[in-house]
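Enquirer: Listed below are the residues making up each chain.
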Amino acid sequence: MSARAYNFAYLDEQTKRMIRRAILKAVAIPGYQVPFAAREMPMPYGWGTGGVQVTAAVIGPDDVLKVIDQGADDTTNAVSIRAFFAKTAGVATTTQTERATVIQTRHRVPETPLAEHQILVYQVPIPEPLRFLEPRETETRAMHALAEYGVMHVKLYEDIARHGHIATTYAYPTRVAGRYVMDPSPIPKFDNPKLDDCPALQLFGAGREKRIYAIPPYTQVVSLDFEDHPFERTKFDSACAFCGATDSFLDEVVTDDSGGRMFVCSDTDYCERRQAALEKEAAE
Amino acid sequence: MSAPLLAVEGLSKRFGATHACRSISFELEEGEALAVVGESGSGKTTLLHMIAGLLPADSGTVLYRNRDGVSRELGIMSEGERRALMRTQWGFVHQDAARGLRMNVSAGGNIGERLMALGERHYGRIRASAQDWLERVEIPANRLDDSPQTYSGGMRQRLQIARNLVTAPRLVFMDEPTGGLDVSVQARLLDLMRGLIAEMGLAVVLVTHDLAVARLLSNRILVMKQGEVIESGLTDRVLDDPQAPYTQLLVSSVLAA
Amino acid sequence: MIELLAVEGLAKTFTLHLHGGRKLAVVAGVSFVVGPGECVVLGGPSGVGKSSILKIVYGNYAADAGRIWLADGSRVLDIATAGPADIVAARRRTMGYVSQFLRVIPRVSALDIVAAAARDAGLEAPAARARAEHLLERLHLPRALWPLPPATFSGGEQQRVNIARGFVGEHRLLILDEPTASLDAANRDAVVDLIDERRSQGAGFLAIFHDEDVRARVAARIVDVSAFSQREAA
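Chains as they are written, first to last, in this note's numbering: chain S, 17 to 300; chain X, 3 to 259; chain B, 9 to 242.
Source of the hints: derived by calculation from the structure; they are not laboratory data. For every residue, glycine included, the Cβ atom is placed at its ideal position computed from N, Cα and C. It is possible that part of the hints are untrue.
[To be verified] Examples of chain B residues lying across from chain X (beta carbon under 10 Å, computed): (1) 22; (2) 26; (3) 161; (4) 200.
[To be verified] Cβ-to-Cβ under 7 Å is the rule here; a few derived chain X residues that face chain B: (5) 84; (6) 189; (7) 221; (8) 247.
[As the list claims (entries may be wrong)] Simulated coverage check for chain X against chain B, where a stretch passes if three residues somewhere in it have a Cβ under 8 Å from a Cβ of chain B: (9) 191 to 204; (10) 222 to 236.
Let's have the full structure, built from the sequences with the hints guiding it.
Expert: Here is the structure:
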């Protein structure tokens with residue numbers, strides 16, 4: 017008997033069933049936060065336990081997993097989580113967005129457009145978009161139930177009053193399927209339009225707060241704004257220093273201590289493939 | 003003869019062995035200001051909270067006549083309906099302004115919240131309404147973007163009033179609106195409230211232990227003691243020609259400066 | 009046919025619960041009529057109950073018996089038994105009152121006090137202010153005092169604010185309780201002129217004047233309240 021040290025994908029079957037039931041509910045009610053009995057995971061809260069539990073529940077032996085952290089496949093966390101699933105589920109892993117069937121992400125949406133057979137799993141710290149203004153859980157639940165979302169616009173109003181424009185640049189609140197207001201996790205607002213009408217299934221897991229929510233494929237996701245201050249996508253002044261892309265989210269990298277800096281694509285896979293394509297072109 | 007704006011019938015509440023309110027009944031017409039006065043333990047605050055739907059009554063009914071003319075019983079209203087009522091047709095001015103405001107939101111945001119809750123999505127218009135109301139409650143215009151944390155007690159109370167009145171409610175509940183404020187601040191605030199009540203034709207249910215406030219703001223009064231209504235009627239009549247022994251005691255006990 | 013005011017069989021007794029329930033009978037069987045354009049003066053010695061009768065008619069005191077018929081707009085109201093809402097409406101539309109002393113609300117200016125009363129009577133803010141200014145002018149209240157709260161005014165100045173407030177609403181019935189007691193001759197004349205002017209416009213007055221001179225100039229009839237007195241002999 018070959019005794020595997022862990023059950024497939026670490027969690028026992030009953031737990032995975034419980035999480036899948038929560039996911040089903042979440043998919044049935046887009047944007048609604050479904051409570052689930054999050055388990056203790058071999059990593060502390062704040063390190064992606066929610067995302068890992070969702071991935072563990074949906075991943076199968078034939079899946080190909082990609083894990084990114086702030087767009088990069090090669091940070092410590094992304095590497096660790098990828099290794100975790102390679103060990104406990106034995107699944108194939110990749111850094112290429114197009115080859116992956118399950119993508120777990122922390123705080124970014126890949127630049128490469130997603131397809132219908134793919135699942136994007138987001139790691140969520142605070143799932144409740146109303147929490148910043150309303151600390152009471154009983155009250156926020158009632159607000160969601162009654163669709164009392166006036167207070168979300170108060171937050172945006174405050175931004176404009178204070179900064180002259182809506183200053184929220186990440187975790188920008190959205191309205192899903194015209195009903196629930198949802199926090200898309202701390203992705204830059206640059207990524208918000210990608211959630212709208214996306215062919216892939218998007219799942220959100222918050223381990224510490226014990227909530228799962230979802231956006232089914234091809235669902236309307238609208239970023240909140242004012243008539244006279246409409247939602248605007250972030251524009252960058254420069255292109256990527258490596259691949260020249262002008263349509264991807266750029267990280268600012270400080271290169272020396274005399275103010276030198278450069279901008280590079282946050283999505284490492286996207287940047288690498290563009291670089292490879294440019295080299296190939298140059299070689300021809 | 004149309005139904006009254008508010009009809010309270012047999013409202014009762016017990017806390018253990020204490021009868022906080024014993025079968026209280028009264029009617030309120032549009033534009034009437036009713037003061038409920040009494041000492042501590044009279045049940046006036048319990049009564050206010052029950053009428054406003056913030057506290058469940060043990061028995062009795064509260065009927066509110068909507069803008070469409072239909073009277074609805076508060077006890078059987080859904081929570082969503084009641085909350086919507088609170089946001090649109092009703093106001094509640096708390097004694098402690100911090101309870102009725104979002105202290106970490108600017109004055110403009112506080113006033114504009116109800117408008118945004120009702121679907122107003124134009125920043126410029128929201129800001130203009132908030133500005134307008136700030137002026138009406140005599141707060142300097144340059145304080146629009148300040149948080150009420152930086153406001154004095156009197157200013158906070160004015161802001162709370164503005165926040166409540168921006169949707170032109172028909173009925174406003176007030177719980178000791180000037181309690182806790184400096185005497186010098188109270189006078190202007192009371193005058194402002196009197197003016198707004200008259201100008202907007204508001205119906206008011208006001209709880210206070212201060213007979214002078216009752217005289218200034220209300221035209222009808224309910225005197226309560228230990229959960230019961232001892233005397234009721236025209237405010238100046240009850241205060242100048244009290245009939246019941248307890249009312250005479252209450253009125254004669256007030257110190258004049 | 010009630011043209012303005014008809015008092016029938018009015019009675020008043022004060023019960024002092026704080027003093028063992030002692031009863032102070034004041035008046036009984038009070039009856040009189042005030043017609044449009046008339047000034048009826050209540051006469052009698054001090055303490056006989058003249059002020060109390062005025063307050064009962066205004067609804068400020070309760071009546072123990074009797075009727076107070078007031079022609080209020082298109083209806084006739086019995087103030088003695090009317091509900092608070094009706095009395096408030098009657099005071100707004102028909103019945104005004106000038107007390108003996110101004111009840112001072114702190115920090116509200118003299119002009120605002122009078123303008124507020126005009127707004128209560130249904131005028132828009134600019135018109136209310138204009139009418140208030142006009143009346144204060146007629147009563148010779150110095151302009152410099154208009155933006156000041158009356159708390160520091162002299163008795164006569166306060167009373168002129170009080171009178172202005174009472175007259176600004178152009179009520180059909182005005183109840184006056186010793187309005188000229190603290191005024192000098194010139195100001196008394198101004199008040200008499202105001203009364204005469206209103207009377208010629210059809211307003212009726214129910215008043216107490218101790219000043220014989222003023223009484224002689226305005227009173228159509230004097231009703232001696234001693235006839236209705238229930239006071240125990242000293």
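Enquirer: Evaluate each hint against the coordinates.
Expert: How the hints compare with the structure:
1. 22: Since chain X brings a Cβ to about 8 Å from residue 22 of chain B, closer than 10 Å, the hint holds.
2. 26: holds, 6 Å
3. 161: Cβ of residue 161 of chain B sits 16 Å from chain X, so the hint is violated.
4. 200: violated, 28 Å
5. 84: Not OK, violated: residue 84 of chain X not within 7 Å of chain B, min 27 Å.
6. 189: Holds, about 4 Å.
7. 221: Since chain B brings a Cβ to about 5 Å from residue 221 of chain X, closer than 7 Å, the hint holds.
8. 247: holds, 4 Å
9. 191 to 204: n = 6 at 8 Å, threshold three: holds.
10. 222 to 236: holds (count 3)
The structure is inconsistent with the numbered hints 3, 4, 5, although it conforms to all the rest.
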